[in-house]
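With the sequences and hints as input, model every part of the structure.
Residue numbers (numbering that gives the first Met the number 0), protein chains in the order written: chain P, 0 to 458; chain F, 0 to 485.
Please keep in mind that the hints were generated in silico from the structure rather than gathered at the bench.
Hints are supplied without guarantee of correctness; some may be wrong.
Non-contacting residues of chain P with respect to chain F, defined by C-beta distances greater than 12 Å in every case (computed) [as the list claims (entries may be wrong)]:
(1) HIS24
(2) ASP27
(3) SER67
(4) GLY188
(5) GLU201
(6) THR237
(7) ASP272
(8) GLN308
(9) ASP337
(10) VAL348
(11) ILE354
(12) THR403
(13) ALA433
(14) MET451
What follows is a set of in silico ranges between Cβ atoms, one per label pair, in the way DEER data are often shown [as the list claims (entries may be wrong)]:
(15) P:ILE174 <-> F:ASP36: 23 to 29 Å
(16) P:ILE174 <-> F:GLN123: 55 to 61 Å
(17) P:PHE223 <-> F:SER168: 16 to 22 Å
(18) F:ALA139 <-> P:ALA185: 55 to 61 Å
(19) P:PRO7 <-> F:ASN471: 22 to 28 Å
(20) P:SER57 <-> F:ASN471: 39 to 45 Å
(21) F:HIS453 <-> P:PRO7: 44 to 50 Å
Every residue gets a Cβ at the ideal spot worked out from N, C-alpha and C, and that includes glycine.
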Amino acid sequence: MPTEFRLPELGEGIAEADVIRVLVHEGDTIAVGQAVATIETEKATVDVPSEVAGTVTSIAVKEGQTVSPGTVILAVDAAASAQAAPTAPTPEAQPAAAGSAPTPEAAPQPSAPAQPAPTPVPAAEQPAAPAPHPAAPEPATANAAPAQPATPPPAPAARSGAFAAPSVRLFAREIGVDIATVTGSAPGGRIDIEDVKRHAREHTSSAASTSSYAPQALPDFSAFGPVAREPLSRFRRTVARNMVTSASEIPQVTLFASADIGAFEAVRRAHRDEASKAGGTITNLVILVKLIALALREFPHFNASIDMQADELVLKDYVHIGLAVDTDRGLAVSVFRDADKKSLAELAVDLKGIIERSKANTMTIEEMRGSTFTISTLESMGIGHFTPLVNWPEVAILGVGRDTDLPSYENDELHARRRWALSLSLDHRVVDGADGARFLSWLVNAIQQPSMLDAGGAS
Amino acid sequence: MTTEATPPPPSQAQQPLRLAVLGAGPGGYAAAFHAADLGMNVTLIDDAPQPGGVCLYRGCIPSKALLHATHTIEEARAASAWGITFADPQIDLDGLRGWKQRVVDRLTRGLGALGRQRKIRYLQGRGQFTDPHTLHVRTADELTSVTFDYAIVATGSLPAMPQALRLDSPLVMDSTAALELEDVPETLLIVGGGYIGLELGSVYATLGSRVTVVEMTTGLLPGADRDLVEPLEKRLRGQFHEILLNTRVAALEEHAGGIRATLASTELDNVQRDFSKVLVAVGRVPNSRNLGLEHTGVQVTSRGFVTVDHMLRTAEPSIYAIGDIAGEPMLAHKATHEGRVAVEAMLGQPSIFDPTGIPAVVFTDPEIAWCGLTESQARERGIEIEITKFPWAASGRTITMGRNDGVTKLIVEPGTQRILGIGIAGTGAGELIGEAVVALEMGTRVQDLHLTIHAHPTLSETLMEAASLYYNQSPHYIARTSRAAE
Numbered sequence: 000m001p002t003e004f005r006l007p008e009l010g011e012g013i014a015e016a017d018v019i020r021v022l023v024h025e026g027d028t029i030a031v032g033q034a035v036a037t038i039e040t041e042k043a044t045v046d047v048p049s050e051v052a053g054t055v056t057s058i059a060v061k062e063g064q065t066v067s068p069g070t071v072i073l074a075v076d077a078a079a080s081a082q083a084a085p086t087a088p089t090p091e092a093q094p095a096a097a098g099s100a101p102t103p104e105a106a107p108q109p110s111a112p113a114q115p116a117p118t119p120v121p122a123a124e125q126p127a128a129p130a131p132h133p134a135a136p137e138p139a140t141a142n143a144a145p146a147q148p149a150t151p152p153p154a155p156a157a158r159s160g161a162f163a164a165p166s167v168r169l170f171a172r173e174i175g176v177d178i179a180t181v182t183g184s185a186p187g188g189r190i191d192i193e194d195v196k197r198h199a200r201e202h203t204s205s206a207a208s209t210s211s212y213a214p215q216a217l218p219d220f221s222a223f224g225p226v227a228r229e230p231l232s233r234f235r236r237t238v239a240r241n242m243v244t245s246a247s248e249i250p251q252v253t254l255f256a257s258a259d260i261g262a263f264e265a266v267r268r269a270h271r272d273e274a275s276k277a278g279g280t281i282t283n284l285v286i287l288v289k290l291i292a293l294a295l296r297e298f299p300h301f302n303a304s305i306d307m308q309a310d311e312l313v314l315k316d317y318v319h320i321g322l323a324v325d326t327d328r329g330l331a332v333s334v335f336r337d338a339d340k341k342s343l344a345e346l347a348v349d350l351k352g353i354i355e356r357s358k359a360n361t362m363t364i365e366e367m368r369g370s371t372f373t374i375s376t377l378e379s380m381g382i383g384h385f386t387p388l389v390n391w392p393e394v395a396i397l398g399v400g401r402d403t404d405l406p407s408y409e410n411d412e413l414h415a416r417r418r419w420a421l422s423l424s425l426d427h428r429v430v431d432g433a434d435g436a437r438f439l440s441w442l443v444n445a446i447q448q449p450s451m452l453d454a455g456g457a458s
Numbered sequence: 000m001t002t003e004a005t006p007p008p009p010s011q012a013q014q015p016l017r018l019a020v021l022g023a024g025p026g027g028y029a030a031a032f033h034a035a036d037l038g039m040n041v042t043l044i045d046d047a048p049q050p051g052g053v054c055l056y057r058g059c060i061p062s063k064a065l066l067h068a069t070h071t072i073e074e075a076r077a078a079s080a081w082g083i084t085f086a087d088p089q090i091d092l093d094g095l096r097g098w099k100q101r102v103v104d105r106l107t108r109g110l111g112a113l114g115r116q117r118k119i120r121y122l123q124g125r126g127q128f129t130d131p132h133t134l135h136v137r138t139a140d141e142l143t144s145v146t147f148d149y150a151i152v153a154t155g156s157l158p159a160m161p162q163a164l165r166l167d168s169p170l171v172m173d174s175t176a177a178l179e180l181e182d183v184p185e186t187l188l189i190v191g192g193g194y195i196g197l198e199l200g201s202v203y204a205t206l207g208s209r210v211t212v213v214e215m216t217t218g219l220l221p222g223a224d225r226d227l228v229e230p231l232e233k234r235l236r237g238q239f240h241e242i243l244l245n246t247r248v249a250a251l252e253e254h255a256g257g258i259r260a261t262l263a264s265t266e267l268d269n270v271q272r273d274f275s276k277v278l279v280a281v282g283r284v285p286n287s288r289n290l291g292l293e294h295t296g297v298q299v300t301s302r303g304f305v306t307v308d309h310m311l312r313t314a315e316p317s318i319y320a321i322g323d324i325a326g327e328p329m330l331a332h333k334a335t336h337e338g339r340v341a342v343e344a345m346l347g348q349p350s351i352f353d354p355t356g357i358p359a360v361v362f363t364d365p366e367i368a369w370c371g372l373t374e375s376q377a378r379e380r381g382i383e384i385e386i387t388k389f390p391w392a393a394s395g396r397t398i399t400m401g402r403n404d405g406v407t408k409l410i411v412e413p414g415t416q417r418i419l420g421i422g423i424a425g426t427g428a429g430e431l432i433g434e435a436v437v438a439l440e441m442g443t444r445v446q447d448l449h450l451t452i453h454a455h456p457t458l459s460e461t462l463m464e465a466a467s468l469y470y471n472q473s474p475h476y477i478a479r480t481s482r483a484a485e
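In structure tokens:
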């Protein structure tokens, strides 16, 4: 008897993923724990370890396909049960004779993978969305990725089988809610219009919201010259949605400042040995993460989220600092957990891991969630001040620009001082410009006088 | 091609968008009408004098007119059991054909008028794409070039004619020829036990032909649940001379003023039989050839279907495809709905083709109709279902009609008690399926049907009774197992 392996749960709120690569072939013998496929969720690319062992008899997914928890990935023939007693009655194969009566389209199972042959493959299920990996280490995939020029642009996924009336399904499409992710409250789990509205409201407080965002129709660019279209990766789509949420939900103000980082050298020296013993390096960024963590303890409203539904402020009693990382695929946020409680050496080790894993694309979804404040750095790109977008639903984001030697008069003498360009964007619903100014000058002072780190703050 | 063919950007266009619809069947004309209603500048192209397509000219409508007429003969015959005896009917074939033609003419002319009222430009001719924004249309007297912002390919399908059965003889008919009703052959061989063969076979049998049906697979109406086919097969076995299953027609040849057919099966080893005429009804193939699709980015599968997505978009951004050419099931009402979706999608509305079920109706006597999941599909795909079935013998209404051969069954999702599929066999099943499709599409649970008052005495009660039976609460039928109502 073949044993099916279905996609396990991917983490809270993750309803689907795209198959990037299938790592096994029919006939392969696989072990429990062996990676069988690479999938891309809204947050990360992860390998799916098998929960079954045996010889692969069939592979039910293909690259580019969208899958959800419960989708059959493959089937194996466990060696022990091979050639067992005759199995249950085989269902009569559908005769494929010409002259067949019309076969009504049915398939109310959302996950039913087998489409009758004559049905054209809907675009959403075509291998049309390989993640663009222009600089990926594997040359094979880099070549394979753009080779789908003739495929129609992706359509909204068909959701035949949604337990809801057509008018409710249309409403969901109109407000950009995927009906397959809505939980029905009517008897038996039927979805009514109130369920869709509630889902839209609730998911305004989770990063993947598309509610109330109806993109404008585009002009026909081909009227002006030749164009090509390429599908957005799920990753890019997530970034796009999150940025729309940030820009449309949060009234933002950005404050600029600069801070002398001359004192960092002493801090680095003081903690260098401890850090290198632990396997990390104290960089300016590590020190900054620590100082921000302390600032957030000092200014708890910057470590909060606003709940407009409840007219409440959610104050978080933990400090997780997100770091926006530029990866091959685009922007990703990695999280320093409990940064206020960690030593500089521990944070240095964390940073090393973040950089390594984001380069290798092995970041797990869990380590990308839960940040309470985010740092975005364009330091190495030579950019000075900029206006970062708050990483919704957080309250503020700090943009770190390049450090420059600037003239500074001290006791009538001119000195060159290395200064960082800092930009703080904040949610004006939660805090005011003056609050932001206080937060930012506290931080500038801390950067210029980091002795507080040794005065017990860096426990 | 000329440069003025380049369309203006839709969102900034002062001029309405130009839509060309190739094919004026139930998909094409519905799309054209809807597009015109939404303000587009529409050209509708078809080689018939009026819109209507196969459905009106050579399919659904003429066959239903003939079936209605022959059903009257059957009813009159059955009436002798109720104490009313009519004389044998006098059949005037010219009169019958004329009536059928009047039905077709009236409906197609009506469509033509509806198109003109919408200011749709109707071109009678054959169209071919020359590039993704141009069609060349050959009309009776000229070659016209039509440029468009968008086009919809709705050219439908043609009767399939396997090579082995291809015989240049007027005695071998496809469904189009059979509907012409040239004569009533003494003996008629029907190749194919699908809905077309059985519907036309019923017409000819009632008019007096000795009908033999040959079906390659194990049963009539492949794809339909066996318990729905059973009442029909029982009746047809009385009406038809012979029904040969698992049998293949190996060859046809003209012989002594008729057709000699070679039949092959496990029992029949290339047996030869003679027939006055033959109807080949082995299915339909998409009409995607000679459309110039190779001059566009449109993709066509090896079976001839145009590949589309849920918005009916082809791989060519300016071209959509709907109806038979866009995939199974090849049904007029599917095409009509797709036409609506395609037009709305090109206007940027959030329309997708997303039905829970598409009803299928076989207009035989008794009729068979179903929608949504069938029992056999559920079994094939390993979907767990519950079935509740109400036999028509327990319905008061069917007894008054003298026709209690039928069944109404619900296919139910365990746990949620959601109705996943409905199948009906019996007189009027084609009309009854309407309630079933609404129930299915609305996400109805069995209990909803059970608690909805249905008029007495009507056939629609069988849907309610089937639902009540799920809870073992049918007043007129006692099931063996019981299930507590909520």
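Hint check:
1. Listed as outside the interface, P:HIS24 is consistent with that label: its C-beta sits roughly 24 Å from the nearest C-beta of chain F, beyond the 12 Å cut-off.
2. The non-interface label for P:ASP27 is consistent with chain F: the shortest C-beta to C-beta separation is roughly 24 Å, beyond 12 Å.
3. No Cβ of chain F comes within 12 Å of the Cβ of P:SER67; the nearest lies about 17 Å off, and the non-interface call holds.
4. With 12 Å as the threshold on Cβ separation, the claim that P:GLY188 sits away from chain F is violated: the shortest Cβ distance comes to roughly 5 Å.
5. For P:GLU201, the condition that its CB be more than 12 Å from all CB atoms of chain F holds, with the nearest at approximately 21 Å.
6. Distance check for P:THR237 against chain F: the nearest CB is about 20 Å away, which clears 12 Å, and the non-interface claim stands.
7. Non-interface status of P:ASP272 relative to chain F is upheld: no Cβ of that chain comes within 12 Å, the nearest being about 61 Å off.
8. The Cβ of P:GLN308 sits about 26 Å from the closest Cβ of chain F, beyond the 12 Å cut-off, so the non-interface label holds.
9. For P:ASP337, the non-interface assignment is confirmed: its Cβ lies about 43 Å from the closest Cβ of chain F, beyond the 12 Å cut-off.
10. In this structure P:VAL348 is separated from chain F by more than 12 Å, as the shortest Cβ-Cβ distance comes to about 48 Å.
11. Distance check for P:ILE354 against chain F: the nearest CB is about 40 Å away, which clears 12 Å, and the non-interface claim stands.
12. A cut-off of 12 Å between C-beta atoms confirms that P:THR403 is not in contact with chain F; the least separation is 45 Å.
13. The claim that P:ALA433 is not at the interface with chain F holds, since no C-beta of that chain comes within 12 Å of its own (minimum 43 Å).
14. Every CB of chain F is more than 12 Å from the CB of P:MET451 (nearest about 55 Å), matching its label as outside the interface.
15. For P:ILE174 and F:ASP36, the Cβ-Cβ distance of about 25 Å falls inside the hinted range of 23 to 29 Å, so the restraint holds.
16. Range check, P:ILE174 to F:GLN123: Cβ separation about 44 Å, and the 55 to 61 Å hint is violated.
17. The given range of 16 to 22 Å is broken by P:PHE223 and F:SER168, whose C-beta atoms sit roughly 58 Å from each other.
18. The supplied range of 55 to 61 Å is met by F:ALA139 and P:ALA185, whose beta-carbon atoms lie about 58 Å from each other.
19. Here the CB-CB span from P:PRO7 to F:ASN471 is close to 40 Å, at odds with the stated 22 to 28 Å.
20. Our hint of 39 to 45 Å for P:SER57 and F:ASN471 holds, since their Cβ atoms are close to 41 Å apart.
21. A hinted range of 44 to 50 Å holds for the C-beta pair F:HIS453 and P:PRO7, which are about 46 Å apart.
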